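In order, the protein sequence lines correspond to chains A and B. Using the working numbering, you'd call the opening residue of the first sequence number 141 and step up by one each time. Using the working numbering, you'd call the opening residue of the second sequence number 220 and step up by one each time.
Hints in this document: simulated from the structure, not taken from any laboratory. There may be inaccurate statements among the hints.
[As the list claims (entries may be wrong)] Computed from the model, here is a short list of chain A residues facing chain B with C-beta under 10 Å:
1. LEU157
2. VAL162
3. TYR197
4. GLY198
5. ASN199
6. TYR200
7. ARG201
8. SER204
9. PRO245
10. ARG246
11. ALA356
Source: prediction; values computed, not measured. Backbone N, C-alpha and C define an ideal beta-carbon position, used for all residues, glycine too.
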Amino acid sequence: MRMIDVQALHKTFTLHLRGGAVLPVLRNMDLAVQAGECVVLQGPSGAGKSTLLRAVYGNYRPQSGRVLLRHDGGMVDIVTANPRQVIDIRRRSLGYVTQFLRVIPRVPTLDIVAEPLLARGAALPRARERAAELLERLRIPRKLWDLPPATFSGGEQQRINIARGFCAEFPILLLDEPTASLDQDNRRIVIGLIDEARKRGSAIVAIVHDAETRTAIATRLAPMPALEAAA
Amino acid sequence: MSALEMPLLNVEGINKSFGRQQACREVSLELWPGEVLGIVGESGSGKSTLLKILAGRLPADSGFIHYRSTEEGIVELLGANEAQRRRLMRREWGFVQQHARDGLRMGFSAGANIGEPMMALGQRDYGHLRNIAKDWLRAVEIPEERLDDAPRTFSGGMQQRLQIARNLVTHPRIVLMDEPTGGLDVSVQARLLDLLRRLVHEHNVAVILVTHDLGVARLLADRLMVMRRGQVVEAGLTDQLLDDPQHAYTQLLVSSVLGV
């Protein structure tokens, strides 16, 4: 079943503070991803891999093209969806995991991780149970669960963000270097999570730089050549 | 369409001038149940003027404000008579001011500040009012034993939290907020922000939040509107607007702050 269908996507950035310079990043980009696939984007730095993920998430606004996502049994174009629809797609169908945790003052770790599953409609005990399971698996010491992660180490914050990203079991998952700077043991734990999500039927698009993770998770590679600077 | 699929507020073509200075130019917006709409811009952008017009504290030169009231159906507020407008505001709206002293009765006790809006709605049972006030003090993290103290003996952060309790106690559907974290220390701000986030969510209240602080907007707002010289220059989902700003002025605003 097709879950993501990117069609003829164009994305440029116009830098008004730099005299209106135009940076082309994506040109005529197509990408289709089926349920149960993990597609790893491949290309040099600057090829637009992160930009593509952000456009699929509805975070960046392309100049033209479509990003169809399976939501509520149909395909919805997130490019033209209104803000409330985008929020709904993200709440129920679409997850996005980076290595950076956005800390909210005073909110304890366990609640940060449980929040996406709660937002999807799960009951509080079930969401907390799933969050605890993930924190346990990612080896975040139990004594930290009730504390806000503002003062935790970078590696701990990263793993908490991964736990949060996998908590709701979204049908579509976008991963932007989820394993960057993790040690080998933790990286293998994350590889396990990605693989399980895929086997459950999630459609996954990932950016990963280390060969081990790429080989372990990819069912297909999608090459992204660098664009010639046309500005 | 069910009531949840309709906007609570539909504002169209608001204009307002002070002499030759145009403070609001053809401003339109929608507000949906339970969402937080942030209005950002520098001082003089017209965002506070717009908020005052929405609150009925300043007349507009032209435009419409359609409000979908629980009890009275859709009411056009700029054309409504004063009695009806005041009634709706009292029952269904709240207004959190930047300076708590403008939104509180500084000579009354904390308990009376929370009880008064309930009394205005006809609640007369003194014991009951006192219990509600205690519950709300707890909800906004003010020790219960301060119930009979006047807010002028409170810290700035406590005063602001008391003002929020006073505004939420009647379970309004819309709360307007004008720089609610404005004059507070950063650590006090963080606590207030977390509290606001939680209360807005728990009570499913729709908020229009005026702020010049993009960090506050990022944390609280679902959608943003950017105003400049009385006009809306860009509007959209909060993260779209802050991460991929399209308009030159939005790019300038975003590039002028660190790490939002």
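Here's how the hints hold up against the structure:
{"no.": "1", "hint": "LEU157", "verdict": "6 Å, holds"}
{"no.": "2", "hint": "VAL162", "verdict": "13 Å, violated"}
{"no.": "3", "hint": "TYR197", "verdict": "9 Å, holds"}
{"no.": "4", "hint": "GLY198", "verdict": "7 Å, holds"}
{"no.": "5", "hint": "ASN199", "verdict": "5 Å, holds"}
{"no.": "6", "hint": "TYR200", "verdict": "5 Å, holds"}
{"no.": "7", "hint": "ARG201", "verdict": "6 Å, holds"}
{"no.": "8", "hint": "SER204", "verdict": "14 Å, violated"}
{"no.": "9", "hint": "PRO245", "verdict": "4 Å, holds"}
{"no.": "10", "hint": "ARG246", "verdict": "4 Å, holds"}
{"no.": "11", "hint": "ALA356", "verdict": "30 Å, violated"}
The structure does not agree with the numbered hints 2, 8 and 11 stated previously, though it agrees with the rest.
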